[in-house]
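Asker: Line by line, the protein sequences give chains A and B.
According to my numbering, the first sequence holds residues 1 to 136 in order.
According to my numbering, the second sequence holds residues 1 to 139 in order.
For the record, the hints were derived by calculation from the structure and aren't laboratory data.
Treat the numbers as computed from the prediction; the structure is a model and nothing was measured.
The C-beta atom is built at its ideal place from N, Cα and C for all residues, glycine as well.
Just to be clear, a hint being listed does not mean it is correct.
[Said to hold, decoys possible] Simulated coverage check for chain B against chain A, where a stretch passes if three residues somewhere in it have a Cβ under 8 Å from a Cβ of chain A:
#: 1; stretch: 29 to 39
#: 2; stretch: 44 to 58
#: 3; stretch: 125 to 138
[Claimed, not checked] To give an idea of the interface, some chain A residues facing chain B are shown, with a C-beta separation under 8 Å as derived from the structure:
#: 4; residue: Val12
#: 5; residue: Val45
#: 6; residue: Thr53
#: 7; residue: Gln64
Residue strings, one per chain:
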Amino acid sequence: MKAIVGLLCGIVFGVGLAMSGMTDTAKVLGFLDVTGQWVPDLAFVMGGAVLVTLVAFRFVLKMQRPALNPRFHLPGTTVIDGRLLGGAAIFGIGWGVYGYCPGPALAALAYLDSQTAMFVVAMLVGMALANKAAPG
Amino acid sequence: MFAYTTPLIGGLLIGVSAVALLALLGRIAGIAGIVWGAVSAQPDNAWRWLFIVGLLIGTVLYHVLSGAPQPQASTLPWWQAIAGGLLVGFGVRLGSGCTSGHGVCGIGRLSPRSLIATITFMATGIITVYVIRHLLGAA
Numbered sequence: 001m002k003a004i005v006g007l008l009c010g011i012v013f014g015v016g017l018a019m020s021g022m023t024d025t026a027k028v029l030g031f032l033d034v035t036g037q038w039v040p041d042l043a044f045v046m047g048g049a050v051l052v053t054l055v056a057f058r059f060v061l062k063m064q065r066p067a068l069n070p071r072f073h074l075p076g077t078t079v080i081d082g083r084l085l086g087g088a089a090i091f092g093i094g095w096g097v098y099g100y101c102p103g104p105a106l107a108a109l110a111y112l113d114s115q116t117a118m119f120v121v122a123m124l125v126g127m128a129l130a131n132k133a134a135p136g
Numbered sequence: 001m002f003a004y005t006t007p008l009i010g011g012l013l014i015g016v017s018a019v020a021l022l023a024l025l026g027r028i029a030g031i032a033g034i035v036w037g038a039v040s041a042q043p044d045n046a047w048r049w050l051f052i053v054g055l056l057i058g059t060v061l062y063h064v065l066s067g068a069p070q071p072q073a074s075t076l077p078w079w080q081a082i083a084g085g086l087l088v089g090f091g092v093r094l095g096s097g098c099t100s101g102h103g104v105c106g107i108g109r110l111s112p113r114s115l116i117a118t119i120t121f122m123a124t125g126i127i128t129v130y131v132i133r134h135l136l137g138a139a
């Protein structure tokens, strides 16, 4: 049952990514190009998604437990440190270099473009390197 | 159709998926975390792999059902894909999240950590595109 939920949530997420334009690197880079010919469309993606989570998470997190699991798995860390800021900064640079963040890169594997596969493999290598450099 | 309609509906669907994952499995729909969990062989992992498979199925489904053409393949050189991928992977692992984990879910939980992370990666993303396009003059 948990596996089916994972699959269905992934499908809905994937439809959302493709529909929103996040799987189009040219559009993403146009969105980040605020001083050039700015393409503002993608602000509505984050806006729409956050609108839903901001409202619905209030109710979900009041539940005793999730429907199919004994407990919620939420990040325990609350500290804002160099690791968070440095990691986010490096991620943003990579996003600006090619135009993919992790979700759209995986979704775009469906387009069967070899460069997308290279991006995803490099992303996994980058994750492993970070895990080695700074475990935890 | 109004240019912002599909981004907005797409965003709403991403939000719905995140809410369903939290309400049913108690999990944050952060793609970076899901991918890392999947490849590092965490226990109870089937849902993670199927979520990733679902991302591809959903993408195909959208283009088939809507008739919208696939986006043009990137015109950037291959080494830029590798460099971008390495930086993205390293950064999301170090910073414990990406656009979905910090941006969509973290801000949804009113996490100050996630808000700061989101502002940071938006800022460095914008600066990077500025430097590449307008200072270095590349595509």
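Asker: Any of the earlier hints contradicted here, and which numbers?
Answerer: Checked against the structure, the only hint that fails is number 7, while the rest are satisfied.
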